[in-house]
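J.: Listed below are the residues making up each chain.
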Amino acid sequence: MKPSFALVLVAACFSAVTPALAATPEMPRFRWENFTKADGLPDDHVFYVCVDGDRIWAATENGLGLYEKGKWKVYRPQDGLAHRAVLGVAVDKRTGVVWAATMGGLSRLSAGRFENFTQLNSGLPNDVVYGVGVEGDHLWVATAAGAGRLDTRTGQWALFNERNTPMYEIWTYNVSVGPSKVYYAVWGGGVLEYDVKTERWKDYNDPDGETEMVVQRDQGLIHEITTSVSYVEKDKMLWVATYFGASRYDGRNWKNFLEKDSGLPSNFLNHVKAVDGNRAWFSTDKGLAYLDGGNWAVYRPALDTHKPEMLVRDAAGKVTQVATDTAPAHHYVLAVDFQGDDIWVATAKGLSHGVRIQQIKE
Amino acid sequence: MKLSAISAYSARRLFSLRLSLRSLRRRVEVVFPYSFGFASLGTVLIGGIVALSLATLGADTPAAARFSSPIELTLSKDGARLFALCEGTGEVVAFDARSGKIVRRIKVGSVPKGLALSPNGERLYVANSWSDSVSEIDTAALAVVRSLPAGFEPNSVITDLAGRFLYVANRISNDVSVVDLAAGTEVKRLAAGRGASYLAISPDGASIYCTHIYPYPGDFRAPPESDIAVIDTARQVIKDRYRLPNAAGVFHVALSADGRLGMAAQLRPKNLIPLAHVEHGWVFGNSISVFGADVGELVQIPLDELERYFTPPFAIALAPDKSAAYISTTGSDSVTVIDIPRLLAFIRAASPAQRRTLANDLSASANYVVTRIAVGTAPKGLALSSDGKRLYVANRTADTISVIDTAARKVSATFSLQGPATLTAERRGERLFFSARFGFQGHFGCANCHLESTFDGLQWDLEPDGFGQDIVDNRLLEDVAETAPFKWNGGNPNLETECGPRTEKFFYRSESYDGWELSDLVSYIKAMPLRPNRFRLAGGELTPAQERGKAIFERTRTKSGAPIPEANQCQVCHSGKHYTNLKMFDVGSGKATDRSPMVDTPQLNNIVLTAPYLHDGSARTLEEIWTVFNPKDTHGVTNDLQKDELNDLIEYLKTL
Numbered sequence: 000m001k002p003s004f005a006l007v008l009v010a011a012c013f014s015a016v017t018p019a020l021a022a023t024p025e026m027p028r029f030r031w032e033n034f035t036k037a038d039g040l041p042d043d044h045v046f047y048v049c050v051d052g053d054r055i056w057a058a059t060e061n062g063l064g065l066y067e068k069g070k071w072k073v074y075r076p077q078d079g080l081a082h083r084a085v086l087g088v089a090v091d092k093r094t095g096v097v098w099a100a101t102m103g104g105l106s107r108l109s110a111g112r113f114e115n116f117t118q119l120n121s122g123l124p125n126d127v128v129y130g131v132g133v134e135g136d137h138l139w140v141a142t143a144a145g146a147g148r149l150d151t152r153t154g155q156w157a158l159f160n161e162r163n164t165p166m167y168e169i170w171t172y173n174v175s176v177g178p179s180k181v182y183y184a185v186w187g188g189g190v191l192e193y194d195v196k197t198e199r200w201k202d203y204n205d206p207d208g209e210t211e212m213v214v215q216r217d218q219g220l221i222h223e224i225t226t227s228v229s230y231v232e233k234d235k236m237l238w239v240a241t242y243f244g245a246s247r248y249d250g251r252n253w254k255n256f257l258e259k260d261s262g263l264p265s266n267f268l269n270h271v272k273a274v275d276g277n278r279a280w281f282s283t284d285k286g287l288a289y290l291d292g293g294n295w296a297v298y299r300p301a302l303d304t305h306k307p308e309m310l311v312r313d314a315a316g317k318v319t320q321v322a323t324d325t326a327p328a329h330h331y332v333l334a335v336d337f338q339g340d341d342i343w344v345a346t347a348k349g350l351s352h353g354v355r356i357q358q359i360k361e
Numbered sequence: 000m001k002l003s004a005i006s007a008y009s010a011r012r013l014f015s016l017r018l019s020l021r022s023l024r025r026r027v028e029v030v031f032p033y034s035f036g037f038a039s040l041g042t043v044l045i046g047g048i049v050a051l052s053l054a055t056l057g058a059d060t061p062a063a064a065r066f067s068s069p070i071e072l073t074l075s076k077d078g079a080r081l082f083a084l085c086e087g088t089g090e091v092v093a094f095d096a097r098s099g100k101i102v103r104r105i106k107v108g109s110v111p112k113g114l115a116l117s118p119n120g121e122r123l124y125v126a127n128s129w130s131d132s133v134s135e136i137d138t139a140a141l142a143v144v145r146s147l148p149a150g151f152e153p154n155s156v157i158t159d160l161a162g163r164f165l166y167v168a169n170r171i172s173n174d175v176s177v178v179d180l181a182a183g184t185e186v187k188r189l190a191a192g193r194g195a196s197y198l199a200i201s202p203d204g205a206s207i208y209c210t211h212i213y214p215y216p217g218d219f220r221a222p223p224e225s226d227i228a229v230i231d232t233a234r235q236v237i238k239d240r241y242r243l244p245n246a247a248g249v250f251h252v253a254l255s256a257d258g259r260l261g262m263a264a265q266l267r268p269k270n271l272i273p274l275a276h277v278e279h280g281w282v283f284g285n286s287i288s289v290f291g292a293d294v295g296e297l298v299q300i301p302l303d304e305l306e307r308y309f310t311p312p313f314a315i316a317l318a319p320d321k322s323a324a325y326i327s328t329t330g331s332d333s334v335t336v337i338d339i340p341r342l343l344a345f346i347r348a349a350s351p352a353q354r355r356t357l358a359n360d361l362s363a364s365a366n367y368v369v370t371r372i373a374v375g376t377a378p379k380g381l382a383l384s385s386d387g388k389r390l391y392v393a394n395r396t397a398d399t400i401s402v403i404d405t406a407a408r409k410v411s412a413t414f415s416l417q418g419p420a421t422l423t424a425e426r427r428g429e430r431l432f433f434s435a436r437f438g439f440q441g442h443f444g445c446a447n448c449h450l451e452s453t454f455d456g457l458q459w460d461l462e463p464d465g466f467g468q469d470i471v472d473n474r475l476l477e478d479v480a481e482t483a484p485f486k487w488n489g490g491n492p493n494l495e496t497e498c499g500p501r502t503e504k505f506f507y508r509s510e511s512y513d514g515w516e517l518s519d520l521v522s523y524i525k526a527m528p529l530r531p532n533r534f535r536l537a538g539g540e541l542t543p544a545q546e547r548g549k550a551i552f553e554r555t556r557t558k559s560g561a562p563i564p565e566a567n568q569c570q571v572c573h574s575g576k577h578y579t580n581l582k583m584f585d586v587g588s589g590k591a592t593d594r595s596p597m598v599d600t601p602q603l604n605n606i607v608l609t610a611p612y613l614h615d616g617s618a619r620t621l622e623e624i625w626t627v628f629n630p631k632d633t634h635g636v637t638n639d640l641q642k643d644e645l646n647d648l649i650e651y652l653k654t655l
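Chains as they are written, first to last, in numbering that gives the first Met the number 0: chain A, 0 to 361; chain B, 0 to 655.
No lab work stands behind these hints: they were computed from the structure. Predicted model, so just to flag it, every value in this text is computed and none were measured. Just to be clear, a hint being listed does not mean it is correct.
[To be verified] Here are the simulated distance ranges between beta carbons:
hint, chain 1, residue 1, chain 2, residue 2, range
1, B, Asn532, A, Arg251, 40 to 50 Å
2, A, Pro24, B, Gly295, 40 to 50 Å
3, B, Gly539, A, Arg251, 56 to 66 Å
4, A, Gly79, B, Ala205, 20 to 30 Å
5, B, Arg341, A, Arg30, 23 to 33 Å
Beta carbons are placed, not taken as given, at the ideal position from N, Cα and C, and that holds for glycine.
Make a model of the complete structure from these sequences and hints.
T.: Dropping the structure here:
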């Protein structure tokens with residue numbers, strides 16, 4: 000499916016910016032520390048970032064980076080990694096095993112030792128692995144040829160594709176794994192839900208079909224070209240990122256977010272990561288955005304001047320510029336992860352660490 | 000006929016048969032030297048007669064006799080009681096550690112392999128390798144009080160210092176189960192090495208070390224590699240791995256009382272060079288990996304001497320004062336004693352370059368090996384008294400326990416497990432299987448490649464035909480009795496003509512086995528039972544994926560409806576009880592270095608355990624047999640299968 004035309008109706012949400020006033024909502028503020036190859040990062044193009052306690056895993060175009068105790072360690076194919084282009088990372092918190100999704104298979108890293116799964120030597124559906132997630136003894140992968148689940152106890156692979164699920168496109172792009180539900184973002188195929196208890200699949204699609212028109216607001220998933228899903232088990236809330244806006248689903252109702260009527264700086268979303276049912280972070284091609292339930296904030300180098308920029312949009316739509324000296328490494332943001340109050344951001348030109356600035360209430 | 004009369008008759012018949020076979024053996028020996036690669040017709044005929052005669056002979060052997068086969072030992076906290084784990088009878092035998100009197104026999108699960116005492120000494124845990132469970136024994140009541148879960152083929156156990164969690168190394172699932180002892184439930188599995196086997200805890204309780212007996216499946220014809228996984232007991236994760244280059248068959252690991260010295264027993268197979276180089280000290284190095292603060296970077300040291308080998312090293316006990324290390328060498332019927340201060344001085348004096356090659360310097364052992372103490376046959380587990388004065392040694396095929404006075408370095412007493420009074424043919428064969436005494440300079444025996452009667456995951460250049468010719472993958476021995484011919488090239492019509500015994504004779508011009516011994520050895524191999532399959536459901540039925548795979552295995556037409564030639568259907572060649580029609584085929588997997596592309600159709604029972612695959616081990620996984628080595632559909636028709644269908648086929652193969 001190809002977009003017939005791009006949405007050009009960009010509301011000037013952030014075009015008429017006013018300086019910060021006392022009434023500006025308090026949104027998280029950060030001091031941004033940016034890492035590039037010069038600092039030891041394997042590559043500036045960072046596809047994904049994963050926080051593992053005090054350690055940070057960076058999935059880059061040229062290797063897997065581990066940031067620990069102020070230093071970077073780099074893993075590449077010569078160290079055992081399946082492929083140099085690493086698209087995703089998941090850490091099994093119970094066992095400490097790190098799973099890396101790469102363009103050439105799936106790597107399991109255990110205390111420095113790699114074991115690689117490819118479509119030739121294992122039951123992995125395809126060597127292009129976009130996403131990976133762990134829950135209990137099951138590892139879930141999103142690949143260019145469908146979804147897969149590895150039972151790490153028995154070694155059995157179960158594949159999910161157009162033959163045994165409602166997946167009419169098999170290009171799975173991202174996976175969000177929870178104890179009761181597993182969600183897949185299927186590029187061009189909406190969202191796929193797996194119920195762990197019933198072992199049944201269900202799909203969610205754009206009721207408008209394969210168009211970019213939003214005929215009726217909040218009637219369903221905003222678009223079929225989904226890039227990321229984030230499920231909040233405790234709130235039973237699903238967040239979806241697409242190339243044409245974001246969606247949120249509470250199991251009954253959909254809520255959509257578009258650049259024209261929300262604080263999103265762009266409808267082109269690479270990733271969404273939820274904090275809870277109301278709060279989420281959006282990785283877009285025009286900056287990092289945060290929704291606290293009603294207000295929005297955007298963090299980026301300004302698109303024109305490239306100077307650090309933080310914009311806050313309140314629930315009424317009023318946009319305020321907040322003074323800041325630092326910004327994420329680039330406005331093209333691919334993913335985020337949380338480290339306590341801090342945030343780590345994968346961008347097209349480096350990895351950023353947002354060190355939370357504690358705000359004193361007056 | 001009274002029993003005594005029957006026995007006398009049997010004995011006379013036995014004697015008569017032995018006489019005739021002895022003369023027959025002489026004739027066989029005349030033929031053998033000219034039949035290196037392929038058995039001549041004469042060999043086949045005579046071998047067949049030998050097999051028939053020996054089978055008849057085997058009928059006299061009592062079938063029900065079960066031998067204790069003590070494999071591991073541990074002492075009670077006060078040292079008064081010795082617990083011997085007997086894998087043959089599936090029991091723990093509690094001895095009075097001083098008198099050697101048996102206090103109690105406690106039945107546990109099937110084929111128990113490992114045991115450990117709880118920190119307070121009140122519980123004894125036993126890994127039941129064929130039951131996939133752990134028996135918990137009350138050491139006061141001397142009774143099993145609970146069964147705990149484990150992974151596939153639990154091999155050893157250990158608790159943390161608080162006694163809250165039990166760690167179980169699982170040999171088939173290649174992981175370590177973490178079991179919450181309060182709840183009696185398994186909370187997680189940690190990915191260890193292939194064939195995860197032996198565990199040891201550091202004195203401070205912070206780390207548990209885990210070895211694995213099969214090497215990692217690496218690239219084709221690459222040196223073997225293993226490691227020691229280090230578990231962080233606070234976080235219950237694998238926190239580190241000690242790489243063991245060129246090592247395979249890593250058994251016990253032990254830590255010194257101060258925690259500064261670790262030692263692991265291992266083999267260093269030289270499987271990439273022709274076996275004919277054995278006289279140069281190649282084929283196997285028997286060595287110890289030494290690690291810890293006392294030595295810095297891990298170093299591998301040899302146990303062997305220039306003209307004598309001590310193989311395979313199995314268990315290690317370190318004296319509490321770190322004065323000595325004791326290592327059981329199963330095939331050599333001995334315990335090697337290392338002077339640790341001398342060893343440490345020797346290692347510290349070595350340059351970095353010397354340390355890297357130390358394991359191949361067979362003269363090195365003279366610097367730290369102080370003696371070899373002869374014990375019973377096939378010594379396995381060790382237990383050292385807390386004062387370091389008495390070392391107990393489990394002599395597996397002797398059904399005895401040697402008690403060594405460590406000051407005198409001599410056996411001071413021998414405890415008996417009181418097994419059957421008469422050895423059966425299988426038992427005699429088992430002794431031979433584990434013994435290296437027939438090998439050139441005691442270099443190796445059957446159990447060096449068939450680790451603990453299984454396999455080794457390696458590919459060998461067995462034949463004296465030049466470098467890199469006819470590489471063969473090692474196969475599982477279990478349940479092979481009805482799968483003749485043997486060898487990948489089908490050159491051996493029966494087990495009697497199998498390579499091992501012949502190799503001894505022709506390579507090294509040694510006396511090797513006589514006909515009786517050969518008969519016993521074959522009896523043992525034929526009696527090896529097939530271990531339980533872990534991938535079948537309890538009732539024997541198949542999962543949906545396995546059912547779909549079975550249909551693919553049995554199909555006669557391609558997905559497009561075209562008939563599959565009979566010779567290219569899975570179920571035709573892999574037919575019968577053992578999934579082999581016992582015939583030779585060219586399935587397109589032959590290499591330019593093979594003398595013939597024809598290979599013996601292998602049996603498939605428990606095939607999932609024995610990666611790598613194909614005759615030369617070039618397929619690292621079951622998948623690669625078809626994704627890499629079957630481009631022209633010559634090894635079954637598989638190229639019309641979707642990926643998930645191939646996965647289904649493999650799920651079915653795992654159940655065989």
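J.: Does each hint hold? Answer for all of them.
T.: Consistency of the hints with the structure:
no., hint, in the structure
1, B:Asn532 x A:Arg251: 40 to 50 Å, "47 Å, holds"
2, A:Pro24 x B:Gly295: 40 to 50 Å, "58 Å, violated"
3, B:Gly539 x A:Arg251: 56 to 66 Å, "45 Å, violated"
4, A:Gly79 x B:Ala205: 20 to 30 Å, "27 Å, holds"
5, B:Arg341 x A:Arg30: 23 to 33 Å, "58 Å, violated"
Violated hints, in rising order: 2, 3, 5; the structure is consistent with all others.
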